[in-house]
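Enquirer: What follows is the residue order along each chain.
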Amino acid sequence: MGTLPPLTDEERENLIAYLDGELDEKTARAFEAKLNRDPRYRAEADTLSRTWSLLDYLPQTEPSTAFGTRTLESVSAFRPATRARKASWHRQPWVLGTGWAAAVVVAAVLGFTGVARWTRWAHPAPPSMELDPADADEQLARDLRVIENQRLYEKVDDLDFLRKLADPDLFGDGS
Amino acid sequence: MGEAFVAAIGQTSAQLALRDPDTRLMLGVRDDEPGAFEELVARYQSRLVGILHHLVGNADEAEDLAQEVFLRVYRARKKYRARCKFSTWFFTIANNLALNSLRSRQRRPAVQLKTSGADSSGLRPAEQLVADSSGNQPVRRIQQGELASVIRQAVEGLNERQRIAVVLNKFEDMNYAEIAEVMGLTTKAVKSLLCRSRTNLRAALQNYIYMDGQPVPEAAADEKD
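Going down the list, the protein sequences come from chains A and B.
Residues 1 to 175 in the numbering used here are what the first sequence lists, from first letter to last.
Residues 176 to 400 in the numbering used here are what the second sequence lists, from first letter to last.
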């Protein structure tokens with residue numbers, strides 16, 4: 001056995017690739033045949049596999065309990081500011097109050113307008129009380145003397161006082 | 176025609192990536208979905224700290240690096256595209272950071288002496304283990320903690336690239352193509368890298384391979400002699 005030459009670098013590379021399942025099916029079968037008939041391949045495969053298995057003895061390091069929190073805190077400095085603003089604006093009490101007040105005002109205006117329109121629709125206005133232009137002229141002519149003396153009448157407190165003024169004993173024409 | 180083919184391939188790989196739940200989670204992080212990043216940290220923190228500990232050999236430094244990885248993931252979230260598995264993208268960032276850390280450590284002589292584990296004999300851990308093996312006295316009753324320490328030294332004795340390839344292959348169960356993507360190498364280069372890594376590890380751990388009393392295969396015994 002000692003007379004056999006050791007594996008070349010290429011042969012060893014292929015052997016390790018075979019152990020790692022990296023060879024295609026055809027090459028892998030060829031290697032299986034070599035392993036069965038060549039003790040050098042078997043010994044090499046055995047020692048390499050055992051060495052690889054020794055790495056399982058390395059303990060798996062777990063992060064400390066504070067690691068996750070610390071990492072998230074370090075990242076929080078890079079969280080987008082706009083996002084923070086977006087997240088916090090709706091928590092401001094004044095924004096909430098103003099929003100509610102605006103909503104109440106809008107509701108009141110809409111309600112008032114709606115009720116007014118409904119009332120107009122449900123109870124239409126009576127026919128117009130305005131006078132005809134001809135009637136208006138007639139009334140104006142009839143009241144002409146009152147209108148002419150309106151300034152004097154304004155100084156009179158009541159109708160009784162006016163009647164007393166008309167008493168012939170007071171301002172009779174003396175005739 | 177060629178462009179259409181490439182586009183189709185890209186579309187297919189994107190569709191495959193979207194089947195990966197972690198990729199979908201990362202898309203949630205990209206779109207600032209509440210709780211998505213927290214979920215990502217919860218899912219990956221153990222794996223990442225474990226991997227980085229294997230790479231840098233120090234738990235505190237591994238946590239600091241892991242935190243930096245998450246920070247970079249968050250800051251790069253808007254550039255994330257679902258072209259490959261999320262873990263491949265994620266460990267590419269981790270790999271780059273770990274490499275930077277290991278290289279900056281090498282530029283600091285005092286730290287290098289401490290972390291490379293060289294003793295008064297001036298030998299690196301792997302070399303020391305090989306030197307111990309020349310005594311031809313296998314340690315049969317070694318405690319598990321001691322064994323872990325010896326294995327850790329052997330891993331630390333690998334060069335950076337060998338160590339990263341080993342850790343990704345062994346502990347993240349990545350295939351050669353995924354490792355190649357993470358490390359920016361060809362699949363063939365990864366194959367050679369892993370071969371050299373495993374040969375070096377075997378040399379460093381020679382005395383511990385058959386300590387369970389199993390018979391040494393004939394050819395292996397010949398090689399050892």
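Among these hints, one or two may not hold up.
[Stated by the list, open to error] Dumping the calculated EDC-like pairs for lysine to aspartate or glutamate here, alpha-carbon to alpha-carbon at most 16 Å:
| hint | chain 1 | residue 1 | chain 2 | residue 2 |
| --- | --- | --- | --- | --- |
| 1 | B | Lys345 | A | Asp169 |
| 2 | B | Lys345 | A | Asp143 |
| 3 | B | Lys254 | B | Asp206 |
| 4 | B | Lys363 | A | Asp56 |
| 5 | B | Lys260 | B | Glu347 |
| 6 | B | Lys345 | A | Glu22 |
Keep in mind the hints are simulated off the structure, nothing from the lab.
Enquirer: Failing hints, ascending?
Expert: 1, 2, 4
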